[in-house]
Amino acid sequence: MSLDYLIVVLVTISIYAILVVSLNIVVGYAGQPNLAQGAFLGIGAYFAAVLSVRYGWSFWWTIPAAVGAAGVAGFVLGAISLRLREDFLAVTTIGLNFVVVAIFQYVPFFGGAVGVYAIPLPSIGDHQFGNADFLAVGLGMLAVVVGISWYLERTWFGAALLAIKDDETAAAATGIPVAPYKIGAFVLSSALAGLAGALYAPFISAVTPTSFGFSESVVILAMLMFGGLGVIGGAIAGAVVLGALPEVFRFISDYRLLAFGSILVFMLRFQPQGLFGEHSAVLATIGRVVPRRLGRRDAGSGPGRGPASDGPA
Amino acid sequence: MEVFASSAVQGIVQGSLYALIALGPSLTYGLLRILDVANAAGLTLGAYVGLEAYSATGQWWLALIAGAMAGAVLGWLIQRLLYRPILGRGPIVPLIAGIGVFIAAEEAFRLVFGPYNRTFAATLPLPALQVAGTQVTGVETLILLIGVTVFPATWWLLRRTSLGLAWRATSQDRETAQAMGINIGRVIASIFVIGYALAAVGGVLVGVTYNTVYPTMGDIPAYKMLAIIVLGGLGNPLGTILAAMLIGLVETFVVAYFGFVLPRDAIAFIALILILLVRPRGLLPGDEVVQ
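Chains P and R are the protein sequences, given in the same order.
The opening position of the first sequence corresponds to residue 0 in numbering that gives the first Met the number 0, with each subsequent residue numbered one higher.
The opening position of the second sequence corresponds to residue 0 in numbering that gives the first Met the number 0, with each subsequent residue numbered one higher.
Honestly, the hints are just simulated from the structure, not real lab data.
Remember, it's a predicted structure, so these values are computed and weren't measured experimentally.
Cβ coordinates follow ideal geometry from the N, Cα and C atoms, glycine included.
Please note that a few of the clues may not be correct.
Just a few of them, taken from the derived set where beta-carbon distance is under 8 Å, the chain P residues facing chain R [stated by the list, open to error]:
id	residue
1	85
2	97
3	134
For each label pair, taking beta carbons as the anchor points, the in silico distance ranges come out as [claimed, not checked]:
id	chain 1	residue 1	chain 2	residue 2	range
4	R	256	P	209	25 to 31 Å
5	P	232	R	182	39 to 45 Å
6	P	112	R	83	42 to 48 Å
7	R	122	P	280	51 to 57 Å
8	P	265	R	120	25 to 31 Å
9	R	185	P	280	28 to 34 Å
Given the sequences, and given the hints that come with them, work out the whole structure.
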């Protein structure tokens, strides 16, 4: 594996990590099902692509446009989420993928079935972007998204989202403005997915309608579940492990999807909380090995995980 | 008028197929509150096993039975090994686990049966009918027959059998039902066996209707049946059948009268989202009917 190829893989993983960490805001904190993150990535990527190819916008100006467009779409889904609960919302978000893909395909502004191609490389001054520059920008964007999530966890808004997740009615009864907060979570989450889209478009250099369908959304949510719902570190771990998987299994390329599906199933069957979720085996193991550091986080002392959970105090 | 009649017949054929495929996930949802995407793997498995059985024996009814049995076995395995251990884990874990099974199963089909399209040229000894000036093939007649009987059969299953009673009790309150002596494990197993067998029969019929069987043939049914069971009102199988017919008719009429303005599958979901915004719990919400 050449260094350049390794960098390409790392850029892909960092794009996934941005998507998963931002999805975590809606699914992990606010507890709303969302299987449309791939569609928001697509909206961001399409706006970035169209604006730079057809209107000659520079990469740096397409970023706020992509973020804004995806955020507006997130507002629409947030408004829908006020009316629909749980599984009805889950299936509606699935449907949203197909509607968005159909719009990309049939609205001439988005280039129809061929999509938009020959997206120019970004540049700083006279320096055109290489893969290493994409990686630097990707990691920078990821740092921003992680920073936002980290900060969110420490704000009243973040705490209110957790309350909405636990019990919406009770949250409303304690004076939390449920409707604007839910919409806010959707807007923030999808706007950050649009940020990933702004990087995706020039990196891949072409966008086509079918790149952003339901299967992409499934992969993103699967990464979050795999890593651990509601945990920033878990979200990143899920993106890294499942994102690297196709490369790790390249030598058995025929069985790649089989391996992907099986690993996902085994994880959710035997560790439904994911790698780094509450009371996960990984945390319990770390807690045993480094008890002092994680001791105060009460690693795995809750119910259900058996003898491993007690740990040496 | 001719376009109307043929669209109506085709829409009902399509709707009957949808009903057959969506009944399993609908019964499962009512019972466990799980959106079971893996059910579509039963459809593909049924189509392949049915095709193998038909190639070996040349008997169409053997193809249907073999497909149904394969589906039943798969359904039993999936509930026992996958869903039952993760029942208390909220809705998203089983949904993603089911999607994982579905992805892995499609790859397994591709590796076992080959990546190419295989033809399924079975002729059924049923008369090709003339309905309102439109030709209806033998297999379409069979599908129509199933479509006509599926509604009363489901009603009978839910209202007149002890399994139906157990299903209704469990869907209202699993723990109370268990406390009243209902063997939940057996109810779940029976529902999965029935649901996957129905999907497998649907798979054989889809294969014969379009004369093709391929590894990813379950893709479109997998998510479209979700739209149908949500539209019908989650947890209400009779609503599911109604919604299946509605989606089948809407798709066929939109395509017949407006051409391919949008892909057929987007039409189903746009209809779904619009109807849900008016009726957020579907056409016939489950608990209204159960009580």
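Failing hints, ascending?
3 and 8
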